[in-house]
Amino acid sequence: MSGEVSGARPGGRLPVTVIGGYLGTGKTTLVNRLLRAADGRRLAVLVNDFGATPIDRDLIVSSSGDTLEISGGCVCCSYGSDLMDTLMTLPEQRPDIERVVLETSGVALPGMVASAVTLLPAYRIDGIVVMADVETVRTMADDAYLDDTITRQLAAADLVIANRCDLVNETSLQETLAWLATQSPAARILPATRAEIAPDLLLGLRDGAAPRRSATLTTPGAPDAASLYDSLELDVPETVDITELGRRLSAPGTGVLRAKGILNHAALHVVGRRFEIDAAPAGAKSGRLVVIGLRSRLDRRAVEQAVQPSLSTSLRSD
Amino acid sequence: MTLSPITIFRARRILTMNPARPEATHVAVRDGRILGAGPLEELAGWGNYTLDERFADKVLMPGFVEGHSHAAEGTFWRYTYLGRFDRMDPEGKVWKGAESIEDVVTRLQEAERTLASPTEVLAGWGLDPIYYGDRRVVRADFDRVSTTRAIGVMHASGHIFNVNTRALELAGLLRPGVNHPGIPLGPDGLPTGELKGPEAMTIVGAHVGFDREALANDEEGLKRFAKLCVRQGVTTATDLANLLPDDAVSMMARVTGEASFPVRIVSFRRFQALTPEQVVDIAVKLKAKSTDRLRLGAIKLFVDGSIQGFSARLRWPGYYNGAPNGLWYTPPEAISGLYKLALQKGVLVHSHTNGDQATEMALDCLEGALLDQPARDHRFTLQHCQLADAAQFRRMARLGMCANLFPNHHFYWGDQHYETTVGPERAMRMNACATALASGVPLAIHSDAPVTPLGPIFTAWCAVNRLTASGRTLGTSEAISVADALRTITLGAAWTLRLDGEVGSIECGKRADFAVLEDDPLEIAPDKLKDVRIWGTVQGGRPFPANGV
Ligand SMILES: [Zn+2]
Numbered sequence: 011m012s013g014e015v016s017g018a019r020p021g022g023r024l025p026v027t028v029i030g031g032y033l034g035t036g037k038t039t040l041v042n043r044l045l046r047a048a049d050g051r052r053l054a055v056l057v058n059d060f061g062a063t064p065i066d067r068d069l070i071v072s073s074s075g076d077t078l079e080i081s082g083g084c085v086c087c088s089y090g091s092d093l094m095d096t097l098m099t100l101p102e103q104r105p106d107i108e109r110v111v112l113e114t115s116g117v118a119l120p121g122m123v124a125s126a127v128t129l130l131p132a133y134r135i136d137g138i139v140v141m142a143d144v145e146t147v148r149t150m151a152d153d154a155y156l157d158d159t160i161t162r163q164l165a166a167a168d169l170v171i172a173n174r175c176d177l178v179n180e181t182s183l184q185e186t187l188a189w190l191a192t193q194s195p196a197a198r199i200l201p202a203t204r205a206e207i208a209p210d211l212l213l214g215l216r217d218g219a220a221p222r223r224s225a226t227l228t229t230p231g232a233p234d235a236a237s238l239y240d241s242l243e244l245d246v247p248e249t250v251d252i253t254e255l256g257r258r259l260s261a262p263g264t265g266v267l268r269a270k271g272i273l274n275h276a277a278l279h280v281v282g283r284r285f286e287i288d289a290a291p292a293g294a295k296s297g298r299l300v301v302i303g304l305r306s307r308l309d310r311r312a313v314e315q316a317v318q319p320s321l322s323t324s325l326r327s328d
Numbered sequence: 009m010t011l012s013p014i015t016i017f018r019a020r021r022i023l024t025m026n027p028a029r030p031e032a033t034h035v036a037v038r039d040g041r042i043l044g045a046g047p048l049e050e051l052a053g054w055g056n057y058t059l060d061e062r063f064a065d066k067v068l069m070p071g072f073v074e075g076h077s078h079a080a081e082g083t084f085w086r087y088t089y090l091g092r093f094d095r096m097d098p099e100g101k102v103w104k105g106a107e108s109i110e111d112v113v114t115r116l117q118e119a120e121r122t123l124a125s126p127t128e129v130l131a132g133w134g135l136d137p138i139y140y141g142d143r144r145v146v147r148a149d150f151d152r153v154s155t156t157r158a159i160g161v162m163h164a165s166g167h168i169f170n171v172n173t174r175a176l177e178l179a180g181l182l183r184p185g186v187n188h189p190g191i192p193l194g195p196d197g198l199p200t201g202e203l204k205g206p207e208a209m210t211i212v213g214a215h216v217g218f219d220r221e222a223l224a225n226d227e228e229g230l231k232r233f234a235k236l237c238v239r240q241g242v243t244t245a246t247d248l249a250n251l252l253p254d255d256a257v258s259m260m261a262r263v264t265g266e267a268s269f270p271v272r273i274v275s276f277r278r279f280q281a282l283t284p285e286q287v288v289d290i291a292v293k294l295k296a297k298s299t300d301r302l303r304l305g306a307i308k309l310f311v312d313g314s315i316q317g318f319s320a321r322l323r324w325p326g327y328y329n330g331a332p333n334g335l336w337y338t339p340p341e342a343i344s345g346l347y348k349l350a351l352q353k354g355v356l357v358h359s360h361t362n363g364d365q366a367t368e369m370a371l372d373c374l375e376g377a378l379l380d381q382p383a384r385d386h387r388f389t390l391q392h393c394q395l396a397d398a399a400q401f402r403r404m405a406r407l408g409m410c411a412n413l414f415p416n417h418h419f420y421w422g423d424q425h426y427e428t429t430v431g432p433e434r435a436m437r438m439n440a441c442a443t444a445l446a447s448g449v450p451l452a453i454h455s456d457a458p459v460t461p462l463g464p465i466f467t468a469w470c471a472v473n474r475l476t477a478s479g480r481t482l483g484t485s486e487a488i489s490v491a492d493a494l495r496t497i498t499l500g501a502a503w504t505l506r507l508d509g510e511v512g513s514i515e516c517g518k519r520a521d522f523a524v525l526e527d528d529p530l531e532i533a534p535d536k537l538k539d540v541r542i543w544g545t546v547q548g549g550r551p552f553p554a555n556g557v
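Line order of the protein sequences matches chains G and V.
Take any residue in the first sequence, note its place counting from 1, add 10, and you have its number in the numbering used here.
Take any residue in the second sequence, note its place counting from 1, add 8, and you have its number in the numbering used here.
Note that these hints are calculated values from the structure, not bench results.
It is possible that part of the hints are untrue.
Stated by the list, open to error - Not the full set, but computed from the structure, chain G residues with beta-carbon under 10 Å of chain V: (1) G82; (2) D92; (3) M94; (4) D95; (5) L156.
We put the CB at the ideal spot given by N, CA and C, even for glycine.
Working from the sequences, and respecting the hints, build out all of it.
Pasting the structure below:
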């Protein structure tokens, strides 16, 4: 069942993308998209329950109990209230898995879930993604029962996917995006329709690989989406401090949604305003950086400056 | 046709809970059911009988019904008891309460000496450091017991573990940089050994003997739980929230079916990781597997967390100490969906709500569901429902909702609620039994064993006296009479389980389930109610003396 195990988990810690957001924000659509776009990456998708998160039938190879085998070597597990149990047994049961996508329940707080995941040495948090339905999110945030749940979800995000942009007019969209920015001050906000997101943003950039076409969207019926994203690939001098590089790329104003760099046996992962440093995979080419951002927002100059070893002037920040 | 033999029990006094004949001296039993309660001359009319005099100096009541307990109490007795208060184990031995952290450590040291292998884990339960002042329990305390074996102790609340250094090491948590709200760090930057909340607890649980596998399907635990029931006069007990996998159901069916098994177990399927359609379907199928002593087919739902864990959902103005509001455990859409479908299929749903905002949401969801799916007699019940106010009880009555309140909690944690969690005024209204009854809400009261000890007489004492552990009388206007309290632990709880036609009173046609008491609860002073001595039970006509189980 599993392929070559050695090298499948460079650095030892499995990256976890936490996907939060209330019911009906498009988490299901997003999860199915990620499974379709896995492209050889062996994902474990953990969902709170199968009922509320149906995996598209054509993706399911087989099912047994709480586990679905997904085409392409992925797996989908329902964890109920036993998330920690599921995470603790996963590496042993599926040593082939390269990455975990963890969908939280509609009322869970993804920040709390992420902090629980960090208790397990086998994992690192790659990013917290929170889905928001731009048509309803502000009403939900005013709901007598759900108000603080919604705002606490948003406040923990590294990336907010402002979904269903096609359902609102431009004025309302801009107002909602501005409101989201106040609720998620530490996040990059990403407008989307039908959860169409470049999979590399959530599934991670391949080591040493040139930006692949999947950095743009391959979804049929969304021909314009490709033009949304820009990706850059740069050489990074060995003398650059990798922590400082992470700090610069995740600073406000760079527009970087996701970046990955390998430098001196360390790997840098940037997701929105979060960055993590991990051991580099064996054989990865050092001195390379790949960056993705929204075409309209990515500040190329800031990115190019970020890879300069000694920077006397500070980065533009806003 | 030959009829089965009749036994007529004579008692000092029989409190029947049947208003047409509240008291009697004799009760006639055939085939495990009651032919009638009354004077011997009347009962003799049923035909030949054997007169059983063993209860001639005892008081009989309908067997007590514990409407919210967990069979896990039986499982926990395999660990070392470390609670603050005396507690009786299933064998009848009373374990003295630990009076200090030093005392806790001494007990662990004693238990440790009985273990052979140097790596065998040592587990304890019932710890409640709030009674020991401000000092926290830390891993150094338990390192004095052992540094080679993992030690883990669950707090009485069930929401916190304290462990030693070895357990942290095994769980991979003895490292700097741990950043989790449930794991305090010491001056050395390492976890202190206190682990709060389900995630942190799960990580160490398996290393200190609290693994889920062992807890889920524990035959010995179920048998020990049954012994506790006999000692407390309980003949019907809930096991409220079980995932009920097939192997557990067959184990429970087999064990409860044994001729000597003394209790009727009502096990609820927990709603999690499923759609309402799926869980209702499971409940309907489980119901078909019910037997007399194993009742299945009802659903338990969690709306919020706990008040002392600050995970309960409170309405304005929130927690007294300013803690942020708690957590929702189930989205409102799922609750509404489940209520509607369960009403349609006639499936019973009990919902855990602790905070008043959780109660309000459950009421909203039920009100909406009833508009779509009118149902005259659903018996949906709010479990704990500790912080509900008068308006909410009136609404419950209007919607036909029952309440199962938690007076024991008032005794063990009332002081903490008064001082920290909800403040004096709301602490006084918590577990408002009098308001519930005055509003016409069908009422039960519970222990939530193993959170507090199983024992309906003690629970009734709590509801009557409303004392806290420190001796404070908290909310006298919510105290209820002994007669009302005795009714809630029999017919009241039976009503919430849809079993009031079968158990809960001593009258013709019902199950011959009796609590057999040495003292008369209506004669003893109300503030001594908890001291009523219990001989044992009769269940389905079979006598079970507590000293013989
Ligand atoms: Zn409970």
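What are the numbers of the hints the structure violates, in ascending order? Those not satisfied come down to hint 1.
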